[in-house]
Every structure is written in structure tokens, then in C-alpha cells.
Amino acid sequence: MRYRCLVLSLCLLAAPLSALAQAGRVQLPPDLDRLAKRAIDSVVVSLDGNMLRMGKQFMQSDGDAQASAVAEGLQGVYVRSFKFAHDHEYSASDVSLIVQQLSGAGWVPMISVHKTSTDENVEICVHRDNHRVQGMVIFVAKPRELTLVNLVGNIDLTKLGELRGQFGVPSVPDLPLGGSAPAPAAH
Amino acid sequence: MNERDTSELETRLRQALRPVEPPPGLESRVAAAIARAGGTAGPAAQMRARWPVTGLAASVAAGMVVAGGLAWSVHRADVDRAQRAGEQIRTALSLASAQLTSALALASSLSASDADGDLSTKTDSGGSRADRRPQFDSHD
Numbered sequence: 001m002r003y004r005c006l007v008l009s010l011c012l013l014a015a016p017l018s019a020l021a022q023a024g025r026v027q028l029p030p031d032l033d034r035l036a037k038r039a040i041d042s043v044v045v046s047l048d049g050n051m052l053r054m055g056k057q058f059m060q061s062d063g064d065a066q067a068s069a070v071a072e073g074l075q076g077v078y079v080r081s082f083k084f085a086h087d088h089e090y091s092a093s094d095v096s097l098i099v100q101q102l103s104g105a106g107w108v109p110m111i112s113v114h115k116t117s118t119d120e121n122v123e124i125c126v127h128r129d130n131h132r133v134q135g136m137v138i139f140v141a142k143p144r145e146l147t148l149v150n151l152v153g154n155i156d157l158t159k160l161g162e163l164r165g166q167f168g169v170p171s172v173p174d175l176p177l178g179g180s181a182p183a184p185a186a187h
Numbered sequence: 188m189n190e191r192d193t194s195e196l197e198t199r200l201r202q203a204l205r206p207v208e209p210p211p212g213l214e215s216r217v218a219a220a221i222a223r224a225g226g227t228a229g230p231a232a233q234m235r236a237r238w239p240v241t242g243l244a245a246s247v248a249a250g251m252v253v254a255g256g257l258a259w260s261v262h263r264a265d266v267d268r269a270q271r272a273g274e275q276i277r278t279a280l281s282l283a284s285a286q287l288t289s290a291l292a293l294a295s296s297l298s299a300s301d302a303d304g305d306l307s308t309k310t311d312s313g314g315s316r317a318d319r320r321p322q323f324d325s326h327d
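Chains as they are written, first to last, in the working numbering: chain A, 1 to 187; chain B, 188 to 327.
Calculated directly from the structure, the hints in this document are not laboratory data. Please note: incorrect hints may appear among the correct ones.
The calculated label-pair distances, taken between Cβ atoms and stated as ranges, are [unchecked claim]:
hint, chain 1, residue 1, chain 2, residue 2, range
1, B, HIS262, A, ALA92, 45 to 51 Å
2, B, ALA248, A, PRO30, 49 to 55 Å
3, B, HIS262, A, ASP48, 20 to 26 Å
All residues carry an ideal CB built from backbone N, CA and C; glycine is no exception.
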């Protein structure tokens, strides 16, 4: 009886701890990866723990200071990006779990764009804890593209913004990216 | 020296040089005496005596070579994995940066095209939870 109480107490303690450890991480739908079979171009990245540490060490040794500075606080990197040959190769149900999570507590939308003419939806949300960014999600849904980038950990948005123009990404000047995460939205 | 002396000398030499069979057990007694005295054995015997040491040394050397090879291959695999992980981080950051740039460009164009009612953009300026809830059209 005493043993059961101990196990139950440990489970009750472990639940919020595990939730805390996963703060900023979006649970991916289990069948999301099957979209890769239909996609003409796909990027699937799942990095955490040891692999992420190894990757960061490699970037540092490779002299990529700017990118490794952004990656420094990362605890997890999860990317699913699919480009399709035809429109609507994915359904709303494929992304409903993601949308639900981004609507949940802790997530604050930074940019939310819905363009009806091109059926383009862009959500950039951050997960904050004590005004520190603990996670970030970039979710792009277009008729022929579905992209989810989930960066877990302490992310310096300024440094991420400074990567514009890096890796062949065109720089768009005069954008109000700013140096810090925006203030929490009023509820 | 006359002929008689020569013949006698020959006889004595033949007598001295005649083949003599060793007495029985002489070979084993000599070997035992050599072993007791720590005398030197022949090359074949030396080889037989040293083979455990030589074999052990060869095994250790071979083990070191194999261990070194394994360690190198493990290190190589780690380096390859780290390189792949680094490339994946770069890919993710590249994608994030590109999408962030694209979204910001789209948002910044709001002021120009919002009047058309084509674009609805919400930045983090407030609003109710319902307003902030992402909404996506069904693509079914």
C-alpha cells in the first residue's frame, strides 16, 4: 500500500515535470510523415538530445559562428516540410492537432496571416515562460506546401532574424523583426 | 718410416675410427643432463619453448590493431553523425529563417493590400484568445 502511494506520488510529480521539459514542443500528428510519400520535395528533421549536441559541436568546429549562436539554446529541432505537385494533397485533419496545440495555453501568436486569394496561411507562434522564449513554431499551409518548423529551447529571435541573407535566403530589409519577442497578447 | 710401420698405423687408425654404436639410453641421459644443467637447446627447441610468449605478444598486437580500427570507425561514424546533425540544424534554421522572412514580408505588405480585404493579418498586438486562434480552411 505504501509502495503504491509512493509510485502514485512519483507519477503525479513526474507529469508536470515532463510537461515542463516539453514546453515549446509541438506534438506532431503520428501520420504526418506519411505525407512525405505524396510530396515531391520533403524535409524531415527530428533532432534532440545527443544528436543536437553533436550537431552544435560540429557547427562550432566548422566555424559557423552565426548559426551556432542561434542553435546554442536549442533543445530540439523538428521540421516537417512537404511540397506537392498538386493542390490540396493534405487535409485539414492532418494539421488539426497542430492547430489545436497552437491555440492552447502558453502559445502566443506573433504573426498570423490568412490570405484568401492564394489560400495561404502562416502562423508564427512563440511559447514563453517568464518572458523567455521557450519554443517557436512556424507553420505554413499553402495549397501545395505544408511546413512546420518547431524550434524548442531558448531562442534568440534577433539572432534568428540575423540569419536572413544566410544559407541563400534572400534578405528582406526594413522588416520589423525587432530584437526581442513581442509582449504577451492580452487575453 | 718403413712399410711395416705404415701398415700398423693404418690398422690402429682403422681401429680408432671404427663406427661405434652408442650404449642404450645414452641419448635420453644426455638430454636429461642438458635439461638439468640448463644447457642450450637447439633452435627448434628454442622455438618450441618461446611460442606461448610469441603467440601472446602477437595476439596483443593483433588485438590492439583491431581495437584501434574499431575506435577509429566509431569515431568516424560519430563525426559523420555530427556532420549530418549539423547539416540538419542548418537546414532547419535556413527553413525557419526563410519562412520567417517570407511571413514578415507578407505581413509588411498588409498595409498596402489590407484595404482590398484580401489579407487578414494579426500580429501580436492583443485580441481575444478566439481572435488569436489559428484558423485554416479545410482542404478536404
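Quiz item: Between HIS262(B) and ASP48(A), is the Cβ distance one that fits in 20 to 26 Å?
Solution: Once the Cβ atoms are compared, 23 Å apart, the range 20 to 26 Å for ASP48(A) and HIS262(B) holds.
Quiz item: Do ALA248(B) and PRO30(A) keep their Cβ atoms within the hinted range of 49 to 55 Å?
Solution: Distance hint for ALA248(B), PRO30(A) holds at roughly 52 Å.
Exercise. Note whether the CB distance of HIS262(B) and ALA92(A) lies within 45 to 51 Å or breaks it.
Key: At roughly 48 Å between Cβ atoms, ALA92(A) and HIS262(B) fall inside 45 to 51 Å, so the hint holds.
When the structure is compared with the earlier hints, no violation turns up for any of them.
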